[in-house]
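Colleague: So the chains spell out like this:
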Amino acid sequence: MSKTKLDEINRNIYNIKNKDEYDFKIKKGLTPEIIEEISKQKDDPKWMREFRLRALEVYNKLELPTWGPDLSELDMNEIATYVRPKTSLSTSWEDVPEDIKNTFDKLGIPEAEKESLAGVGAQYDSEVVYHSMKEELIKQGVIYTDMESAVKKYPELVKEHFMKCVPVHDHKFVALHGAVWSGGSFVYVPKGVKVDIPLQSYFRLNSPESGQFEHTLIIVDEGASLHFIEGCSAPKYNKVNLHAGCVELYVKDNAYLRYSTIENWSKNMLNLNTKKAIVGKNAKMDWVSGSFGSKISMLYPMSILNGEGAKSEYTGISFAGGGQNLDNGFKVIHNAKNTSSVVNAKSISKNGGKCTYRSLVRINENAGGSKSSVSCESLMLDDISISDTIPVNDIRTDDVEFSHEASIGKISDKTIFYLMSRGLSEEDAKAMIVRGFAYPISKELPVEYAVEMNNLINLELEGAIG
Amino acid sequence: MSNKLLEIKDLYVNAEEKEILKGINLNINKGEIHVIMGPNGSGKTTTANAILNNPCYKKVNGSITFDGKDITNLKTDEIARSGIFMSFQLPEEIPGVSVTNFLKYAKNKITGKPVKIFEFKKELAKSMEELNMNPKNMERSLNVGFSGGEKKKNEILQMLVLNPKLAILDETDSGLDVDAIKTVSKGIEMFKNKNNAVLIITHNTKILHSLKVDYVHILVNGKIVKTGKQDLAREIEENGYGEYK
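Same order as they appear, the protein sequences are chains L and C.
Numbers 9 to 474, taken from the working numbering, label the letters of the first sequence in order.
Numbers 11 to 255, taken from the working numbering, label the letters of the second sequence in order.
You may find that some hints are simply not true.
To be verified - Which stretches of chain C does chain L cover? Using the computed rule of at least three CB atoms under 8 Å from a CB of chain L, they are: (1) 18 to 24; (2) 78 to 88.
To be verified - DSBU-like, lysine-lysine: derived pairs with alpha carbons at most 30 Å apart: (3) L:Lys451 <-> C:Lys126; (4) L:Lys172 <-> L:Lys345; (5) L:Lys422 <-> C:Lys202; (6) L:Lys345 <-> L:Lys303; (7) C:Lys68 <-> C:Lys28; (8) C:Lys146 <-> L:Lys438; (9) C:Lys233 <-> L:Lys438; (10) L:Lys289 <-> L:Lys345; (11) L:Lys422 <-> C:Lys192.
Said to hold, decoys possible - Derived list of chain L stretches under chain C, where covered just means 3 residues or more per stretch with a C-beta under 8 Å from a C-beta of chain C: (12) 422 to 434; (13) 445 to 451.
These are calculated hints, taken from the structure and not from any lab test.
The C-beta atom is built at its ideal place from N, Cα and C for all residues, glycine as well.
Given these sequences and hints, build the entire structure.
Modeller: Now the structure itself:
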């Protein structure tokens, strides 16, 4: 077998754990005192401190969701909510401490930087340790910074948008997020500015029993455009790990945003991430999403098409192995005339893994002339894996074009035999079929991410055959 | 050096517990084109699948030797890598994998050597042109949305690219129009040389109008009942299999 770049990546790089070097770790459990402490540590302005405390109240009132995967194993008191790395914000790679650098090296971050990508905000534990940005972006007035800095430096912009797209009452984990959020990225692209190179951020968890609650807030102003990429992988731990991040995207009139993400969480992680976009008149929001790893995932990105002629496209894939329950999908609300949405969702399950596609398409009374087309395909690699589709279609006007297609398939012995007759081993044959299945998603990703996704697929398939 | 390429000895094969092949003997030498003809259900496709050791077919008795090596119980991919190719009656569709990428990957597996993409693409384009194939098919997903004729030509293309020692063509001519059959014959002629061999499996004789063959075997009810030269095919064309049943 030829050694290609794809084969050389070792699973271990996703399971690197550095010495647990933190200078501050908060007491377990959640009380107003703890929230105050977090806020003080972060030097929050008054409004943010009050916001956190209000969110905590909401959190304490809300119940765990009664639908979807069983979350009863989650003991919030066990999860320390805030871990700060030893470093404070750095501006150049040289300033980043050595062991943190090593971890990032293995994740390929400096390479990505070398390839002249626009900026890297890499989150280590809960705070951004490395941040850089090309001069030209600054000249164009693009703001790309970590969320804490944005709160201090751009209070008006942040106040106007922070948790307005995803309000804290949405569900319990969003309320939790509002109370304890830490780290994340803030991007503002001014009117008419086209950012032609993708901005990207990496983040990962690196502390036992710590949750990660990063907040991403992106505002693409009228007529502007941006491609933002978030990639993440996490080391492995024995204890339950919770990820309850929040992504808020504002795509103003005539603007364009593409938000691409590959999530690869360690297999003990509960990934309860909330992502929403509000899309303005004739604006377009594209989602590209690869969901790997995690023990349980509940992930339903949502587009709210608020302006006439707004469009949204979602392209996503989930891969569930043994012991994994990935409950993923997409939601879209058509809330203005002539809006359109396209959903292309795929899932792969093997070794008893479970993939559920759970979706919502709502077309309101006021959204005449709108179109929505949904396609979801599942591939099961054996007889013990599970795949399910739970679509909710709530269409409140007759003047719409709507289609929904779903298919569930298995790899047939005939196909395997065909490929083996061309010299491919059984494993190679399965991997080729799976990569082909995932191709419509990987082709939407920048090449280095497509390579990473193929790596992940290969890693997930290893040992799955036989 | 021996001229012997394939030797099948007393081969018995079951499919789904049913006895299909009942003692096949077949010798193919380098430089030869053989044809196995027979009515539907006589065991033609089973023969091809048994040579490639398709796990759906169970060998009960007998042996297959290829190029001096016992391949009876090798895995399909090992048999392919030892130099046997099979053109499928119903080629499988592989969404998301382009013809180019598929063949490049397969070529690498078969030869064990890296494939130089520029030369490879040039070679591929040339073969496609000779087979009257649309060069755009190169970037399409393998067999997805291909017409019956395009799929069959694509099999011949794969044969040319992978360049096996023995090519087994299972019903490659069936369902094709006259022009497409000529293209397939042309592909076989392009492939053929004194060091390799072809085994054509078919239930009709159309392809033999445009291709010269060395041996014709009549397979009926799991046994080769008669072996002859090209004129045996003509005889079948006129009289059918009636007298062999």
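Colleague: Each hint should be assessed against the structure and marked as holding or not.
Modeller: Each hint tested on the structure:
1. Residue count for the region 18 to 24 of chain C with a Cβ under 8 Å from a Cβ of chain L: 0. That is fewer than the three needed, and the coverage hint is violated.
2. Coverage of the region 78 to 88 of chain C by chain L holds. Counting CB-CB distances below 8 Å, 3 residues qualify, and the rule asks for three or more.
3. Of the pairs offered as hints, the one joining lysine 451 (chain L) and lysine 126 (chain C) holds, with about 23 Å between alpha carbons and a cut-off of 30 Å not exceeded.
4. For the suggested pair lysine 172 (chain L) and lysine 345 (chain L), the alpha carbons sit about 23 Å apart, so the restraint of at most 30 Å is met.
5. A hinted pair counts as satisfied when its Cα atoms are at most 30 Å apart, and lysine 422 (chain L) with lysine 202 (chain C) qualifies at roughly 28 Å.
6. In summary, the hint linking lysine 345 (chain L) to lysine 303 (chain L) is not supported, as the alpha carbons are separated by about 40 Å, beyond the 30 Å threshold.
7. As the CA atoms of lysine 68 (chain C) and lysine 28 (chain C) are separated by approximately 10 Å, the hinted pair is consistent with the 30 Å bound.
8. Our distance criterion of 30 Å between C-alpha atoms is met by lysine 146 (chain C) and lysine 438 (chain L), whose separation comes to about 26 Å.
9. Straight-line distance between C-alpha atoms of lysine 233 (chain C) and lysine 438 (chain L) comes to about 36 Å, which puts the hinted pair past the 30 Å bound.
10. Distance check on the hinted pair: lysine 289 (chain L) and lysine 345 (chain L) sit about 10 Å apart at the alpha-carbon level, within 30 Å; holds.
11. For the hint pairing lysine 422 (chain L) with lysine 192 (chain C), the CA-to-CA distance comes to about 28 Å; that is within 30 Å, so the pair holds.
12. Against chain C, the region 422 to 434 of chain L contributes 12 residues with a C-beta closer than 8 Å to a partner C-beta. That satisfies the three-residue criterion, and the hint holds.
13. With a threshold of 8 Å between beta carbons, the proposed coverage of the region 445 to 451 of chain L by chain C holds, since 4 of its residues qualify and at least three are required.
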